[in-house]
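Engineer: Build the full structure now, drawing on both the sequences and the hints.
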Amino acid sequence: MRQKTSAKLIGVFLLFATLFNYPILQIWGSEGSLLGIPHLLFSIFALWLAMILCLVFVVERRIVKSGKSKISSQ
Amino acid sequence: MKSNDSASPRVMIVDDEPNIVTAIDFLMQQQGFQTASAYNGAEALRMMEAFQPDLLILDVMMPVMDGYEVASSMRKEDKWAGTKIIFLTAKGAEKDKSQGYGAGADVYLTKPFDNKALVEKVRDSLDLDW
Amino acid sequence: MSTLVVVVASLGYLVLLFGVAYFGDKRALQGRSITNNPFVYALSLAVYCTAWTYYGSVGRATETGLEFITIYLGPTLMAPLWYILLRKMIVIAKSQRINSIADFISARYGKSAFLGSAVTIISIIGIIPYISLQLKAVSFSFDILTQQGGPQAFFEGTSFYQDTAFYITIILAAFTILFGTRHLEVAEKHEGIVAAIAFESIVKLVAFVSVGLFVCFGVFDSPIDLFQQADKIEELRNLFVIDQNHGSQPWTWAWLTLISMSAILFLPRQFHVAVIENKHPNHVNKAIWLFPLYLFVINLFVMPIALGGMMEFSGQNVDADTYVLSLPLAYGNEYLALLVFIGGLSASTSMVIVATNALSIMASSNLLVPLLLRTSAIQGDFVRDVSGRLRSLRRLIIIVILILAYVYFISIGQGTSLVSIGLISFVAVAQFIPSMIGGLFWKDGNMVGAIMGLLAGFMIWAFTLPFASLVQAGIIESELIEKGLWGIDGLRPFALFGMEGMDKVSHSAFWSLLVNAALYVIGSLYGKPSVIGHTQANLFVNIYKYTGGQTESAFFRGKAQFVDIRLMLNRFLGYEHSNDLLNRYARNHNLELEKIKEASPHMVLYAEKLLSGVIGAASARLLVGSVVKEEPINLYEVMNILDETQQLMRYSQELERKSEELRKATLDLQSANERLKEMDALKDEFITTVTHELRTPITSIRSFSNILYDNPALEDEKRAEFLAIIIQESQRISRLINQVLDLEKMESGHADWNLTQLDVGLVVQESVRRLQSLINEQEIKLHLDLPNHLPLIRGDKDRLMQVVINLLSNAIKFCKPDRGVVNVRMVYTDEDLILKVSDNGEGISPEVQPYIFDKFTQFTDHRSGRRQGSGLGLSITWRIVRYHRGSIEVESSPGEGATFTVTLPLSETRRLPMKTPSFNRTP
Chain A
0 MRQKTSAKLI
10 GVFLLFATLF
20 NYPILQIWGS
30 EGSLLGIPHL
40 LFSIFALWLA
50 MILCLVFVVE
60 RRIVKSGKSK
70 ISSQ
Chain B
0 MKSNDSASPR
10 VMIVDDEPNI
20 VTAIDFLMQQ
30 QGFQTASAYN
40 GAEALRMMEA
50 FQPDLLILDV
60 MMPVMDGYEV
70 ASSMRKEDKW
80 AGTKIIFLTA
90 KGAEKDKSQG
100 YGAGADVYLT
110 KPFDNKALVE
120 KVRDSLDLDW
Chain C
0 MSTLVVVVAS
10 LGYLVLLFGV
20 AYFGDKRALQ
30 GRSITNNPFV
40 YALSLAVYCT
50 AWTYYGSVGR
60 ATETGLEFIT
70 IYLGPTLMAP
80 LWYILLRKMI
90 VIAKSQRINS
100 IADFISARYG
110 KSAFLGSAVT
120 IISIIGIIPY
130 ISLQLKAVSF
140 SFDILTQQGG
150 PQAFFEGTSF
160 YQDTAFYITI
170 ILAAFTILFG
180 TRHLEVAEKH
190 EGIVAAIAFE
200 SIVKLVAFVS
210 VGLFVCFGVF
220 DSPIDLFQQA
230 DKIEELRNLF
240 VIDQNHGSQP
250 WTWAWLTLIS
260 MSAILFLPRQ
270 FHVAVIENKH
280 PNHVNKAIWL
290 FPLYLFVINL
300 FVMPIALGGM
310 MEFSGQNVDA
320 DTYVLSLPLA
330 YGNEYLALLV
340 FIGGLSASTS
350 MVIVATNALS
360 IMASSNLLVP
370 LLLRTSAIQG
380 DFVRDVSGRL
390 RSLRRLIIIV
400 ILILAYVYFI
410 SIGQGTSLVS
420 IGLISFVAVA
430 QFIPSMIGGL
440 FWKDGNMVGA
450 IMGLLAGFMI
460 WAFTLPFASL
470 VQAGIIESEL
480 IEKGLWGIDG
490 LRPFALFGME
500 GMDKVSHSAF
510 WSLLVNAALY
520 VIGSLYGKPS
530 VIGHTQANLF
540 VNIYKYTGGQ
550 TESAFFRGKA
560 QFVDIRLMLN
570 RFLGYEHSND
580 LLNRYARNHN
590 LELEKIKEAS
600 PHMVLYAEKL
610 LSGVIGAASA
620 RLLVGSVVKE
630 EPINLYEVMN
640 ILDETQQLMR
650 YSQELERKSE
660 ELRKATLDLQ
670 SANERLKEMD
680 ALKDEFITTV
690 THELRTPITS
700 IRSFSNILYD
710 NPALEDEKRA
720 EFLAIIIQES
730 QRISRLINQV
740 LDLEKMESGH
750 ADWNLTQLDV
760 GLVVQESVRR
770 LQSLINEQEI
780 KLHLDLPNHL
790 PLIRGDKDRL
800 MQVVINLLSN
810 AIKFCKPDRG
820 VVNVRMVYTD
830 EDLILKVSDN
840 GEGISPEVQP
850 YIFDKFTQFT
860 DHRSGRRQGS
870 GLGLSITWRI
880 VRYHRGSIEV
890 ESSPGEGATF
900 TVTLPLSETR
910 RLPMKTPSFN
920 RTP
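Protein chains in written order, with numbering that gives the first Met the number 0: chain A, 0 to 73; chain B, 0 to 129; chain C, 0 to 922.
Simulated from the structure, these hints should not be mistaken for laboratory data. Every residue gets a Cβ at the ideal spot worked out from N, C-alpha and C, and that includes glycine. One or more of the hints may lead you astray.
Unchecked claim - With a Cα cut of at most 25 Å, we get these calculated PhoX-like pairs of lysine-lysine: (1) C:K231 <-> A:K3; (2) C:K682 <-> A:K3; (3) A:K3 <-> C:K608; (4) C:K608 <-> C:K93; (5) C:K682 <-> B:K90; (6) C:K608 <-> C:K442; (7) B:K75 <-> B:K96; (8) C:K717 <-> A:K7; (9) C:K682 <-> C:K717; (10) C:K608 <-> A:K7; (11) C:K682 <-> B:K94; (12) C:K812 <-> B:K115.
Stated by the list, open to error - Over the 12 Å line for every Cβ pair with chain C, so calculated as not near, a few chain B residues: (13) D58; (14) M73; (15) Q98.
Structural biologist: Right, dumping it as structure tokens:
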């Protein structure tokens, strides 16, 4: 259980470490805007939020799961 | 001193391990000694009367009667005063050694032993007496 | 706005903050902690966001666009790794009662006092610029708000301006002292501070978001309007472009991310809130997403404010670092400006409080206390209350640190932007990466490597950043920058070894970390750790195996006079507090304090941990060492103990899972501990016996091999006889070793059991078949009496066969020499299967009977008066039968032979575990 969570979290780290760095960063850095917000700003904050959601998903689901298994084992 | 009919020294081997007895027996005979063997302390004391050994090679941990007991009961009697005792045992701790010497040992050797060293010690012990 | 209003508001805020802290402490005392939850924990981590974030980010954004965000992306990226890193650090720190990052590193590398002081000095020197930037921020925001000189006059450095910073320094020092140094036992945590910091995190967030909303919707119509207007200006538009000509360099971006990843864990104040003040490792889980969320929100409006400020103040000489405050003021919104000022104040104060506090703990534990101990000022009886003295020491250190920060600020901090000051500190702290990460995961990382790496990294940092900036600021006159150190071109501080084109920060980070990491690895590979270094390395790296607390006392063999220990604790923890703790300890261990003369190793260790909470691991060790006679313990012993203890740990972890059985679990642990002690004694005895048993065959083998070697001319018959003995004795050794291993496996619970449904009758038949040749040889009459249909039982076939063979061969060995009779009988009832094996030999004397299942109880053969067998067979038999939930008994009277009865229950065997529980006791 813990091993799996660790692996998932490392996965999240690797994925976003790549997305938030060169050379991929240049993809977000083109001119122009989205919904009136410059591309780069929009993408970075969108990715950032996505990463937080991933973390919520991994961490909180783990808690829900372990909570459930506690009940079933009683 | 006790009378020795034969010129060759008499060595008695006391150990509960038959293979070890066999080995020492072979070594002693090679030296031209007369040998006898016993497998525990009580047996040894019994046989000594007839065999009249000049030297005992004595194990410590034996059933029925252990080596310390054999040695101390020998040292109580005058007739064995001239008989040398070599302890040959797996117990190598300092306190075992001092217990051995306390019981009346002349030499204390630990197992596994070196054949040459054993023979040498036996010869030394016997030579000194002559 | 009038100075009076601002001063009153600020002081009012500080009083409120103090109230929060007071409330937090009070609740903690009542046992209703307000900080014991993951939300407060996550908020307290936000002490990361200081005036740098609050004012500096906007300033940085105006110059380099989104590059400022790396400082927050780093920690965000680090957050998922907390699950592995931070949790481990917390568990280690708790189990070792660590009180700072210096203590952590020193403890990891063999409680080295030198390393502890090195890390402390690096931290203090490294963090001073960072603290000075807080002073700068508070003072300029105060000046702007009260319009003393106004924003434009900001750089002119008038005298009253300096006074502001000075007064602020004094107020902050007083405030920090008031907060931080009331309690001494650091490991017991400062709940009040944590509560205050969490509160400040909310204040600064609310204030900053308010300005953001004001700019987006008050100054402009909407964020979209703002961006559209900015898009018309090329300079602003380019802030969002990353290509060949715009945006930060890939190098810079990556290095900034990396050093802020390290900062979030290794900055002394972050380490303090994240590790030392942590209430439960599980709080980390929620912080993993809550803290990044906080960073996300606080950064959301940085760009809008930056753009708004640049458009509003274009052409005017307004420092971009002040936009956050200047914008509301420019629009006459004084109340918002006041809120902003308070927000900035909270960002700065929270950093200063925690950072100076963490540094003072470090400095007193790692620099001053060791010094005092060595000069023995404390050992003399005339100093009765050391805890009071320690407290004043810490206060002194706080004042000194703040004064140093103030000096730094007035000498070089004024002309530089907030972020560039802060980054200097980040690179310094990044020097801890190799020894921390290596220390957590690499067992061979040792003190030599850590010292070499840290010192080299620190020196490169000092040369390339702070020293060079002193030169740049003209404080040190030199041509160093252009010509290099001693005129060597390769030693130019911004282009070491001719590496040009990198920005200063990345350049310094690159070289210092490269050299640091390389030396750490090399030093670790070639340096030799001490025994304690080795032990600590193992404890840190494998912490999860050893948590449970009992382990450490096993390494420690010191004993001390109880009065010494008590005196020591009284001095350092205060009389009442230490007596409380000792009473609690005595209660938990069923001891009577009055009767204790000699403190046990466990108690000594407990005292050492209590002390390290106050004065750090290295000092505590030194101090305890002065009253303790420690017996040397060698590496081999340590490893032995570790292995044995692991077993018990696994056992205790399983119990821990069921919290409702906590009480029972403690009892079990106690008995497990008792058993560990017993096992230790048994093991010693066992080893002596085994070695004795091994010596006997080795003696024969050695002697006969020598005979064969020395007598090449021996006749063939003798030669064959002697070789046969050698072979026989070698077999005896291997048999003995197998049996010992078998027994060890069963005792330790490592044995694998291969369970099937089986017919014990068939097992008996098979065993008889195997012994048939022996039976024939000895001309023994064997009566076999097996019922036709035996019920099946669940069991391990091979091992049950071992039982039958052991019993049978014993019977054969000991039955009457000429007319030997052996009876084997099986019967069954509703509940049990019963196997009886009897012989007609001499029997077993009543005195020996109680011990025959013990290890190394050997039978004496009455015929020869010699002992038989290794003495392990019946012991193994007993364990196998016990595993099957059965029992084994012997009936015998001298001269009448012996009967062994094995009873195997039919129902019980269905629920057998596949691994053995350990049976350490023979009946």
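Engineer: Does each hint hold? Answer for all of them.
Structural biologist: Tested hints:
1. Straight-line distance between C-alpha atoms of K231 of chain C and K3 of chain A comes to about 50 Å, which puts the hinted pair past the 25 Å bound.
2. Taking the CA atoms of K682 of chain C and K3 of chain A, the gap is near 39 Å; set against the 25 Å cutoff, the hint is violated.
3. Distance restraint check for K3 of chain A and K608 of chain C: the Cα-Cα separation of roughly 34 Å exceeds the 25 Å cut-off, and the hinted pair is therefore not satisfied.
4. At most 25 Å may separate the alpha-carbon atoms for a hinted pair to count; K608 of chain C and K93 of chain C meet this at roughly 10 Å.
5. Annotation: proposed proximity of K682 of chain C to K90 of chain B holds, straight-line Cα distance about 18 Å (limit 25 Å).
6. Only pairs whose Cα atoms come within 25 Å are accepted, and K608 of chain C paired with K442 of chain C is accepted, the gap being roughly 23 Å.
7. The suggested pairing of K75 of chain B with K96 of chain B holds, with an alpha-carbon distance near 20 Å, which does not exceed 25 Å.
8. At roughly 72 Å between alpha-carbon atoms, K717 of chain C and K7 of chain A are farther apart than 25 Å, so this suggested pair is violated.
9. This hinted pair does not check out: K682 of chain C and K717 of chain C have alpha carbons roughly 41 Å apart, beyond 25 Å.
10. About 36 Å separates the Cα atoms of K608 of chain C and K7 of chain A, which puts this hinted pair outside 25 Å; it is violated.
11. At most 25 Å may separate the alpha-carbon atoms for a hinted pair to count; K682 of chain C and K94 of chain B meet this at roughly 20 Å.
12. Simply put, K812 of chain C and K115 of chain B have alpha-carbon atoms about 36 Å apart, too far for the 25 Å limit, and the pair is violated.
13. Look at D58 of chain B: its CB is around 10 Å from the nearest CB on chain C, not clear of 12 Å, so calling it non-interface is violated.
14. Taking the minimum C-beta to C-beta distance to chain C, about 18 Å, the non-interface status of M73 of chain B holds against the 12 Å cut.
15. Under the 12 Å C-beta cut-off, the non-interface status given to Q98 of chain B relative to chain C holds; the minimum distance is some 15 Å.
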